[in-house]
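Protein chains: 2
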Amino acid sequence: MNEKGKTITAAVLVIGDEILSGRTKDRNVGYIAEYLTNIGIELREARVVPDIEKEIVAALNALRGRYTYVFTTGGIGPTHDDITADSVAKAFGVPIDEDPRALAMMMERYQPGDLTPARRRMARIPAGADLIENPISKAPGFRLGNVIVMAGVPNIMQAMFDAAAKDLETGVKIIAETIEAGGIPEGRYGSALAAIAAGHPEVSIGSYPSFQDGRFRNQIVVRGKEPEKIAAARAAVGAMLASFSEYDRPL
Amino acid sequence: MNEKGKTITAAVLVIGDEILSGRTKDRNVGYIAEYLTNIGIELREARVVPDIEKEIVAALNALRGRYTYVFTTGGIGPTHDDITADSVAKAFGVPIDEDPRALAMMMERYQPGDLTPARRRMARIPAGADLIENPISKAPGFRLGNVIVMAGVPNIMQAMFDAAAKDLETGVKIIAETIEAGGIPEGRYGSALAAIAAGHPEVSIGSYPSFQDGRFRNQIVVRGKEPEKIAAARAAVGAMLASFSEYDRPL
Numbered sequence: 000m001n002e003k004g005k006t007i008t009a010a011v012l013v014i015g016d017e018i019l020s021g022r023t024k025d026r027n028v029g030y031i032a033e034y035l036t037n038i039g040i041e042l043r044e045a046r047v048v049p050d051i052e053k054e055i056v057a058a059l060n061a062l063r064g065r066y067t068y069v070f071t072t073g074g075i076g077p078t079h080d081d082i083t084a085d086s087v088a089k090a091f092g093v094p095i096d097e098d099p100r101a102l103a104m105m106m107e108r109y110q111p112g113d114l115t116p117a118r119r120r121m122a123r124i125p126a127g128a129d130l131i132e133n134p135i136s137k138a139p140g141f142r143l144g145n146v147i148v149m150a151g152v153p154n155i156m157q158a159m160f161d162a163a164a165k166d167l168e169t170g171v172k173i174i175a176e177t178i179e180a181g182g183i184p185e186g187r188y189g190s191a192l193a194a195i196a197a198g199h200p201e202v203s204i205g206s207y208p209s210f211q212d213g214r215f216r217n218q219i220v221v222r223g224k225e226p227e228k229i230a231a232a233r234a235a236v237g238a239m240l241a242s243f244s245e246y247d248r249p250l
Numbered sequence: 000m001n002e003k004g005k006t007i008t009a010a011v012l013v014i015g016d017e018i019l020s021g022r023t024k025d026r027n028v029g030y031i032a033e034y035l036t037n038i039g040i041e042l043r044e045a046r047v048v049p050d051i052e053k054e055i056v057a058a059l060n061a062l063r064g065r066y067t068y069v070f071t072t073g074g075i076g077p078t079h080d081d082i083t084a085d086s087v088a089k090a091f092g093v094p095i096d097e098d099p100r101a102l103a104m105m106m107e108r109y110q111p112g113d114l115t116p117a118r119r120r121m122a123r124i125p126a127g128a129d130l131i132e133n134p135i136s137k138a139p140g141f142r143l144g145n146v147i148v149m150a151g152v153p154n155i156m157q158a159m160f161d162a163a164a165k166d167l168e169t170g171v172k173i174i175a176e177t178i179e180a181g182g183i184p185e186g187r188y189g190s191a192l193a194a195i196a197a198g199h200p201e202v203s204i205g206s207y208p209s210f211q212d213g214r215f216r217n218q219i220v221v222r223g224k225e226p227e228k229i230a231a232a233r234a235a236v237g238a239m240l241a242s243f244s245e246y247d248r249p250l
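Protein chains in written order, with numbering that gives the first Met the number 0: chain A, 0 to 250; chain B, 0 to 250.
Hints listed in this document are in silico derivations from the structure and should not be mistaken for laboratory results.
Be a bit skeptical, because a hint or two may be false.
For chains that are exact copies, the list does not tell them apart, and a pair is met inside one copy or across any two.
DSS-like, lysine-lysine: derived pairs with alpha carbons at most 27 Å apart [stated by the list, open to error]:
#	residue 1	residue 2
1	Lys5	Lys165
2	Lys224	Lys53
3	Lys53	Lys228
4	Lys5	Lys224
5	Lys172	Lys53
6	Lys137	Lys165
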């Protein structure tokens, strides 16, 4: 796909008042994050902005200049609050109009008499964009330059993501290995882990607590691109944890 | 709390590699969004950034200058990857050191011999900050200026949020009313809804589809601060939807 070792980066831009009001709980960032990690693209930032054109344009222009790809979710439906396509056109400074290719895709679902003015809004695509197929409800997403525009409804977004992913440049996949620290407190192993992290600069090491039933349970994650470097760090973490034999630790 | 009609705004800054890798699915943005809406604070933006100091500092400075409050989650634990407190100090240009008040709170949980160097990291608080109580695991959050710094573990974050919320200035609560459009397609009512939205500029009207079992189900939400304006828009939407008697519509 590309020269070995190249880093491909991405940002997600979630567009929608309903996320910021708390009415709808976003599930797309987590899905996209996991998907990108699995195909060797590093998600570096995510933002949520309201349905306000200048906010969308500003965020798009900040992110698309900085990362290899920007994935947007939301705001491409048929109602007046769906302003993502127009905002993308404005961010790129290109015209937007009804796209015959998009209309043709939509006609697989609609009868001619069903093509209301509101639905025709979904065929408005910025000039120069490639369409992204929507196998579920037909109205397409699109890609313009490095910006991939998708629906907000999770299963439609996921279907569009599958379609768009085929054309993405990918890098070396980051490998993540999880080591159970279980009931060993972070505050006990923190200093030793910091020393291991300092001694293994080619990997990144994180410590992730969760809290249930009045107790912390901790996991340490070693992430990197080189298997032998990860194995060395993992061995060091394992040996360090084994020294805390007085605490519960699931295998 | 404040002069009537004043708008209080906020942003959320989620800090953590684990969210961007997809390993951990964020639940804090949705929780904070709903909470803020309920107390009359408008969440205007959310961002997720990695555990990299310059990224955290840049996002903090962008957001704290723009919104009444910034709420951060994550990065205040005892391990080397917990760099939020130092990043906040850097963003504000103030020193950071071990805070005797924070240590005293932590000693409610720890024996003196348990106060490892890693745990002492959690007592590092930027100069001038007020502490935020942590009834669960004691190591406090803090507030510096308009920035409220909380843990990433959801139930600890929620407890800190309860403590911090007491001192927040709040505005007029936004009222949101949901009207079931059920099986009426958005593409059918989109134009009529746009006309209603244009005729009721004092409220904001959104249309929110979900997709299950091969069908869309739609809801229309009218949001605003003035009950009589909301009632008028709601009545217009209801009358408009009633004209589509050929579609299923739950009561």
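Consistency of the hints with the structure:
1. Lys5 with Lys165: Within one copy only: 18 Å inside, 49 Å across.
2. Lys224 with Lys53: This pair counts as between: shortest inter-copy Cα distance 23 Å, intra-copy 38 Å.
3. Lys53 with Lys228: Answer is between: at 26 Å across copies they meet the 27 Å cutoff, but 45 Å inside does not.
4. Lys5 with Lys224: So Lys5 and Lys224 pass the 27 Å test inside one copy only (11 Å; across, 51 Å).
5. Lys172 with Lys53: Between copies only: 25 Å across chains, 35 Å inside a chain, cut-off 27 Å.
6. Lys137 with Lys165: within (18 Å within a copy, 48 Å between copies)
The structure shown violates none of the earlier numbered hints.
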